[in-house]
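Engineer: Keeping their order, the protein sequence lines are chains A and B.
Residue 1 is where the first sequence starts when you use this note's numbering, and the numbers rise one by one after that.
Residue 1001 is where the second sequence starts when you use this note's numbering, and the numbers rise one by one after that.
It is worth saying that the hints were derived from the structure and are not from the lab.
Please note that a few of the clues may not be correct.
Using 30 Å as the maximum straight-line C-alpha spacing, the simulated DSSO-like pairs for lysine-lysine come out as follows [stated by the list, open to error]:
#1 B:1062 to B:1044
#2 A:376 to B:1025
#3 A:376 to A:141
#4 B:1063 to A:376
#5 B:1025 to B:1129
#6 B:1025 to B:1051
#7 A:376 to B:1062
#8 B:1129 to B:1051
#9 B:1044 to B:1063
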Amino acid sequence: MTSTGHFSVDAIRAQFPILSREVNGHPLAYFDSAASAHKPQAVIDAQARYLAEKHSNIHRGVHSLAQEATEAYEGAREIIRGHIGAASTQEVLFVGGATDGINLVAQTWGRQHLQQGDCMVLTRMEHHSNIVPWQMLAEEKGFRILVVELNADGTLDEDMFQAHLLQGPKLVAFMHVSNALGTVNDVKHWTAKSHEAGAKVLVDGAQAVPHLQVNVQDLGVDFYVFSGHKTYGPTGIGVLYGRQSLLEDMPPWRGGGEMIGSVSFEQGTTYNELPYKFEAGTPHISGGIALGAALQWMGQVGVSALTAHEHALTQHAHARLAEVQGMRFYGTAPCKAGVVSFLVDGVHPYDLGTLLDQLGIAVRTGHHCAEPLMDKWNIPGTVRASFGAYNTLQEVDRLADGVARAVTMLR
Amino acid sequence: MATGIDERQEEIVEEFAMFGDWMEKYEHIISLGKELAPLDPEDKVEDNLIKGCQSRVWLAAKKGDDGRVMFTADSDAIITKGLAALMVRVLSDASAADIASANLSFLDDIGLHSHLSPTRSNGLQSMVKQMKLYGLAFTAGG
């Protein structure tokens, strides 16, 4: 099978227990990692070992288990900090996922800074999670949302982006990598431009961290969010990176234990220091620890090797699927990561997805939580094959052959 | 007198028992979808649309002079349309009371129950619910 330098997809696959199962009588070919990636044994073990050997509530205990649990959890925060290049662990907040992180920023920084008469910028390709929290706040506050439209290849309309920046937005929020199209946006470039225009920048990195080496300081962003489960970690845990000076000035969001300095009915309540100010209640301790293990695992495999492997898969998928008559690709940007989105003339995506499932091939069909994009392009959705470390060129061949077979049945 | 809802379900189960593998089964559903009589243009309207996340279904119901309810349906996805055709075959041209109280088991029996699951979000589950609601409404004298 495939091997790129030291990267051996066979060795990778052997670490993912779920890949040995069958679906509908066929070996599972999983092309839905953009929705959620599978977990290597190292991650499964990290979570299980914590629960079996170290579990206790963190931060407050004097006993040994509490100490060990705290060290493991805070150790994971340090791994994450290193992985995304944050300056300090005070800038690395554990949240429920990318959605939760965006809501946190909307309800704290957003509530503080976005007022009537203000505007902010989003793009047409955003996931609902980076649209709805802002719409909810805009409805309440009365600020405007300016939308950057897309070119036919699924890249951002740069002239429109520039034009929106001239309107002096307070915030520019956009995705690093599109979950529906695979487009990789030039975060560094647009962050610099947005800063020149006086805006703060939030980047949704849910689809970037699984595929690319991300360094938040190099990108220059103010906020960056991602989800654990898309990057080989567990569900229910994610990260919000925030620039320390901004986090210091933001009011807390959820109140409760952990996030306080001291609580008093008489003297009022003071808040904890960063990052705990934003981490009310007992967190998802095992999830945080396992997310640390996931990023450590990615680092051991080599993120650049993963990027290269997935690029090869994407290229091969485009080439093989293009053989199908009536194939139309959505998202043909020069710089893409991890996703091939398509429709076949005269074939509904739901039908194609249903027949591929019978062949043991898991793809996602529908609007991919990007309804504004699908509506604009006047399509009901697409079929999306997304790639992870464990996919092989042979699986991509199975996908292309499966699509050809299904299309023959459906036409 | 048309056959009852239970007999029609049994017929379908027998029909599907002949198929050796999933491909034959789905090929049959696809052909049922292609053969389903098109909706009258005046029925293919927003009011009759059941919006699933994955595929859309249109369902229209009329009560004839003999008191029997007639259904017609359409979908933008052919497999959904084929399954809708089976639903129409089972429940159309029946009394409103029979429709409202029908126990639909045939999708289970032919191994296609997952298509009715809410996670599929193809509009079929809502379609069945809507057909039964029509049965109830027409029983109540609507």
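Engineer: Taking the hints in turn, state whether each one holds.
Structural biologist: Going down the list of hints, with the structure as the test:
no., hint, result
1, B:1062 to B:1044, "holds (14 Å)"
2, A:376 to B:1025, "violated (36 Å)"
3, A:376 to A:141, "holds (27 Å)"
4, B:1063 to A:376, "violated (39 Å)"
5, B:1025 to B:1129, "holds (25 Å)"
6, B:1025 to B:1051, "holds (26 Å)"
7, A:376 to B:1062, "violated (36 Å)"
8, B:1129 to B:1051, "holds (13 Å)"
9, B:1044 to B:1063, "holds (18 Å)"
Checked against the numbered hints above, the structure violates hints 2, 4, 7; every other hint is satisfied.
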